[in-house]
Amino acid sequence: MNAVAALVRKDLRMELRTRESVPSMFLFSLSTFVLFRFGLDRETLSGDLASGVLWVTLLFAAVLGMNRLFVAEREEGGFDAFLLAPVDRTSLFVAKAAVLFGFLVAVEIAAIPVFAVLLLGPSPFQALPGLLAILVLADAGIAIIGTLVGALAVQTRARDLIVPLIALPLVLPVVIAAGHATSPLFAQAGAEALPARWLGVLGLYDLVFGLLALAVFDFLLED
Amino acid sequence: MAPAIELEDVGRAYGERTALAGVTLTLEPGRTLAVFGANGAGKTTLLRILATLLKPHAGRARVLGRDLPAEGWAVRGRVGLLAHDPLLYRELSARENLEFHARLHGVAMERVEALLEQVGLRARADEPVRTLSRGMVQRVAICRASLHEPELLLLDEPLANLDPGAAEAVEPLIGRHAGPARVVISHDVEHGLSEADLVLGLKRGRPAILAPAASAAEIQSLYR
Numbered sequence: 014m015n016a017v018a019a020l021v022r023k024d025l026r027m028e029l030r031t032r033e034s035v036p037s038m039f040l041f042s043l044s045t046f047v048l049f050r051f052g053l054d055r056e057t058l059s060g061d062l063a064s065g066v067l068w069v070t071l072l073f074a075a076v077l078g079m080n081r082l083f084v085a086e087r088e089e090g091g092f093d094a095f096l097l098a099p100v101d102r103t104s105l106f107v108a109k110a111a112v113l114f115g116f117l118v119a120v121e122i123a124a125i126p127v128f129a130v131l132l133l134g135p136s137p138f139q140a141l142p143g144l145l146a147i148l149v150l151a152d153a154g155i156a157i158i159g160t161l162v163g164a165l166a167v168q169t170r171a172r173d174l175i176v177p178l179i180a181l182p183l184v185l186p187v188v189i190a191a192g193h194a195t196s197p198l199f200a201q202a203g204a205e206a207l208p209a210r211w212l213g214v215l216g217l218y219d220l221v222f223g224l225l226a227l228a229v230f231d232f233l234l235e236d
Numbered sequence: 127m128a129p130a131i132e133l134e135d136v137g138r139a140y141g142e143r144t145a146l147a148g149v150t151l152t153l154e155p156g157r158t159l160a161v162f163g164a165n166g167a168g169k170t171t172l173l174r175i176l177a178t179l180l181k182p183h184a185g186r187a188r189v190l191g192r193d194l195p196a197e198g199w200a201v202r203g204r205v206g207l208l209a210h211d212p213l214l215y216r217e218l219s220a221r222e223n224l225e226f227h228a229r230l231h232g233v234a235m236e237r238v239e240a241l242l243e244q245v246g247l248r249a250r251a252d253e254p255v256r257t258l259s260r261g262m263v264q265r266v267a268i269c270r271a272s273l274h275e276p277e278l279l280l281l282d283e284p285l286a287n288l289d290p291g292a293a294e295a296v297e298p299l300i301g302r303h304a305g306p307a308r309v310v311i312s313h314d315v316e317h318g319l320s321e322a323d324l325v326l327g328l329k330r331g332r333p334a335i336l337a338p339a340a341s342a343a344e345i346q347s348l349y350r
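So the protein lines, in turn, are chains A and B.
For the first sequence, our numbering gives the first residue as 14, with consecutive numbering after it.
For the second sequence, our numbering gives the first residue as 127, with consecutive numbering after it.
Worth flagging that the hints you see were computed from the coordinates, not collected in a lab.
Careful: at least some of the hints might be erroneous.
Listed next, the stretches of chain A that the computed footprint assigns to chain B, with coverage defined by at least 3 CB atoms under 8 angstroms from CB atoms of chain B [what the hints assert, rightly or not]:
| no. | segment |
| --- | --- |
| 1 | 21-29 |
| 2 | 92-100 |
Some chain A residues well away from chain B (every beta-carbon gap over 12 angstroms; in silico) [said to hold, decoys possible]:
| no. | residue |
| --- | --- |
| 3 | Val76 |
| 4 | Phe138 |
| 5 | Leu227 |
In this text the structure is predicted, and so the values were computed from the model without any measurement.
Glycine included, every Cβ here is placed at the ideal spot set by N, Cα and C.
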């Protein structure tokens, strides 16, 4: 756990100093919401459409974070330095997934109010408790997949291409489940009950991919 | 006590290209192996195999009494690598970099302060590494490599970019009398030979010289 804490602290410190990931993810989200507003030519959205716009935007913003997650390790020798340390290699996966999760939460804290103001028809306050539960589960899934794909892609020259090509299909089930779970919360007549089935799908997906990632991450770091 | 390094016919290829082949040697604890060779001769590949960062594709490699790559986990943390790249985060300060590595290696923070003092960097310790001169970055990298008091030091051009004062300051950490066994890659032939207990000269990935001592003329022939 010491290694995980050290890695997380290091990454957060570097992000605070460089502001490379979270601001660009937020600005991307903001631009996309504006584009949807004018592209759909609708002043307000609700239900399926609102849910879809929110999740597609958050997913594409997450891809920006995935792309940059391992760049410092690759370009500044962090991988070698980490591999020389007497620590479990999965601690790098856990730390990076936690950092990406944190980045997503930070972006959502700023982007979801903007989405509510710019696009969302129904009041967001009633939907908030349910939306928080969905965000936590979906962010965990995106962070797990993103970390795995980020570690794979950073070893290649076509990193910016590889991440979306591999991550988007893998994250699709998360977006489907999160979209279905969020849709009733954004109903025009007010938030309806949270569909437990889709939360279960998200939880199961997180568990399966979390275990899978822990099992294979070691091999991604191998020579 | 097991030898620091035992190599038997060790080789490594990158795809079709053989980077290293037929390296057989033994280095006892506390001794220095000086490695010479032209660019692309296989020096860095050898260093990375010994650091457990690359797997040997041929032969048998034992480092600190452990077989590589099978027991690489038992070697990590006992080896200090000063590579061509400093392995430091440019946006972090010298102190933050060293504290990060201290946490990974389970080293007390007092050691970080002692090292910064030793190499004369306390006054600039809180500035981002990207703002430091090359010589200062090299000093921080030397601190990183010796932070956990490794039993084997793997040094690629350790004195590069260092002025005589800085070279003297790092001597107790990575010099001949620092304690650990050392593998030193150097293009400074005279200095390298003066410190060596064993000399390995590589030419196109193969050992051309392996002897307790060698002349400067023999080493120069490796570069032709």
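Results of checking the hints against the structure:
1. 21-29: holds (count 4)
2. 92-100: Contact hint for the segment 92-100 of chain A vs chain B: holds, 8 residues under 8 angstroms.
3. Val76: holds, 23 angstroms
4. Phe138: Per Cβ check, phenylalanine 138 (chain A) is outside 12 angstroms of chain B; nearest 39 angstroms; holds.
5. Leu227: Its Cβ never comes within 12 angstroms of chain B, the nearest being 17 angstroms, so this holds.
The earlier numbered hints are all upheld by this structure, with none contradicted.
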